[in-house]
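S.K.: One-letter residues, chain by chain:
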Amino acid sequence: MKDNTRFEIRIAGFGGQGVVTIGKVLGQAFTIHEGLNSVNTRSYGPESRGGACRSEVVVSQSEIHYPGVRNADILVALSQTALDTYIGDLKEGGILLIDPNSVKHVPEGVCFYEVPAMEIAHEVGSVKYQNSVALGAMAALLNGRIKKESLALAVAENVPEKTMKKNIEAFERGWAHVSVALNLVI
Amino acid sequence: MSVASLAKKENGTCPPALITPGRHYLEGSEACVEGALVAGLKVYGGYPITPASEIMEHAAQRLPAVGGRFIQMEDEISAACTLIGASWAGGKAMTATSSPGFSLMQEAISFSIMTETPLVIVDVQRPGPGQGYITTSQEDVMQARWGHHGQGPIIALAPCSVQDMFDLTIEAFNLSEAWRTPVLIMAEETVAHMRERLIVPDLDQIRVVPRKKPQDLGIAPEDYQPYGHDLVPPLADFGEGYNINHVSLAHHPDGNVARYNLDMHRENVVRLHEKIEGNVDAIARVESRFLDDCEHVLICFGAVARTGVEAVMEAREVHGVKIGFLRLVTLWPFAENQLRKLINKVGTIFVPEMNLGMMVHPITETLRDRCDRVVSIPSIGALHSPETLLEKICEAVKC
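Residue numbers (the numbering used here), protein chains in the order written: chain D, 1 to 186; chain F, 1001 to 1399.
In short, the hints are calculated from the structure, not lab data.
No experiment lies behind these values; they were computed from the predicted model shown.
Every residue gets a Cβ at the ideal spot worked out from N, C-alpha and C, and that includes glycine.
Treat the hints with caution; some may be incorrect.
To be verified - Label-pair restraints from in silico Cβ distances:
no., chain 1, residue 1, chain 2, residue 2, range
1, D, N183, F, R1373, 55 to 61 Å
2, F, K1341, D, K147, 46 to 52 Å
3, D, Q61, F, L1104, 40 to 46 Å
4, F, E1287, D, N143, 35 to 41 Å
5, F, E1240, D, S126, 52 to 58 Å
6, D, Q61, F, K1341, 33 to 39 Å
7, D, N101, F, E1287, 44 to 50 Å
8, F, Q1061, D, S126, 24 to 30 Å
Isolated chain D, as found in the complex:
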């Protein structure tokens, strides 16, 4: 009775990139808006900014026991260190999403998607929207697993009212960026 519905997402980068928030928003979208079970865990160093930071979301239709990632289905690497550390745990055929401005080297043979989250966020108005860009990109990658609206709703619930429009704009830009690569209907 192995849990075939278990789906594992790992987001890694530096403190300050919104890694923890991405995990929280994803988990909330899956559990509150899609009715699935999800567990979100996080870990970071003692530094408040700049240290290595990781957030994980395990999703399943069944009860989730072990809360951590065993073999990631999706890895979001927002720094070269994050990619180097966690690429080995990515499932064969798993999805890798990187920010090409922070991750310069991806091992040969690994298929990946790019979203220049920091750059797009800057265009929207502030680098602090980069997690919403990344979440938009993930909404496209998770097409079929979660409704885009569920994720957008969870983004809206987790940002201050005054920046909500900007965050949703960033989310849409991230979604559009990856949708083009995936040939999704925009």
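Let chain D serve as the given structure and place chain F on it in line with the hints.
M.R.: Only chain F this time, still in chain D's reference frame:
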């Protein structure tokens, strides 16, 4: 959804009070505070420390909504002492800290046991010794039992999920009031920082144990003895007209410290001990799965139960090992009778813990004659992976 918005009243502009029944997605720290508020938390005295600070932050944010009081103290010693005063004044009180701070609270714990003061302390354990590290740990489970000086019993619970952080916090307050004693919640960074679904039942379905008071038992102020009347003495609040002398020195049942002798002290300490250790089966709980056919058993507690049950299920399904699972929900008092009732004769007992082997000792002492051997599976600073547990199981049972 932010915690503040969780309890939004449907109509009107009342400040958010208690969490709304239904499905929530919360962090363990938030669930702990929400549970405490449902149990009637009125006072939080705190001092921040990683990874327990979130509990303090949520308490600070949420207590005003229920007319409660939050105070940040100068250190953990005073934070714990705040609870003692608050409890004597009639308020349910709690604090949360992490391992180094838990050491500093031991004096107040001992004092509360002797003065029979209900209060709740959460230890979000991190690795030690010293300031140690800031990840997860179960290294304080023996300190919970033996860290405070003197022959005092303790109640300590071990949550393994966000739901537990809510439910067991309510249970901690209930046990604390029912037995008039401090209760410890031995959480870990893992459960405190984990987010997952929390189901909140209708609030009127949640059992909240009120304080046993002399007024309710028909005891007049002139007849009241703060440490007398019963195995669990009734507790009057300050300011209700009852003379209360709270002392942690050896005392007469009426609280008089000038009129005592060694026999009186012995009698008191034995009563304190019996109050908890004589009622283990009413206080302590265990959870079990797959014990009916088991030839081996894995015993664990806290977040390790999450990995434990996954490894046990996989060992059964993939490797055909007849292994059972048992979780200590209550660490102290130790559920000796329940363990002996549930485990008759097995080959190997596996005890994974996030320390170098602590609860394995009372488990071995209890089940020495019920197994061929006990295998301790230690881990420092991180949750074991299911692979680690499976490897140990397969190594021992040759699968």
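S.K.: If you check the beta carbons of E1240/F and S126/D, does the distance land in 52 to 58 Å?
M.R.: About 57 Å separates the Cβ atoms of E1240/F and S126/D, which means 52 to 58 Å holds.
S.K.: Between E1287/F and N143/D, does the C-beta distance stay in 35 to 41 Å?
M.R.: Roughly 39 Å apart at Cβ, these two residues keep to the hinted range, so it holds.
S.K.: Taking 55 to 61 Å as the stated bounds, is the beta-carbon spacing between N183/D and R1373/F within them?
M.R.: 59 Å, holds
S.K.: Using the Cβ atoms, figure out if N101/D sits within 44 to 50 Å of E1287/F.
M.R.: The hint (44 to 50 Å, Cβ to Cβ) holds, given that N101/D and E1287/F are roughly 49 Å apart.
S.K.: Could you see if the CB distance from K1341/F to K147/D stays within 46 to 52 Å?
M.R.: Since the Cβ atoms of K1341/F and K147/D sit about 49 Å apart, the hinted range of 46 to 52 Å holds.
S.K.: May I ask you to test the hint 33 to 39 Å on the CB atoms belonging to Q61/D and K1341/F?
M.R.: Taking Cβ atoms as reference, Q61/D and K1341/F lie about 35 Å apart, which means the hint holds.
S.K.: Given the hint of 40 to 46 Å, is the C-beta distance from Q61/D to L1104/F inside that range or not?
M.R.: 45 Å, holds
S.K.: When you take the CB atoms of Q1061/F and S126/D, is the distance between them in 24 to 30 Å?
M.R.: Given a distance of about 26 Å, which is inside 24 to 30 Å, the answer is holds.
Every hint, counting from the list given before, is met by this structure.
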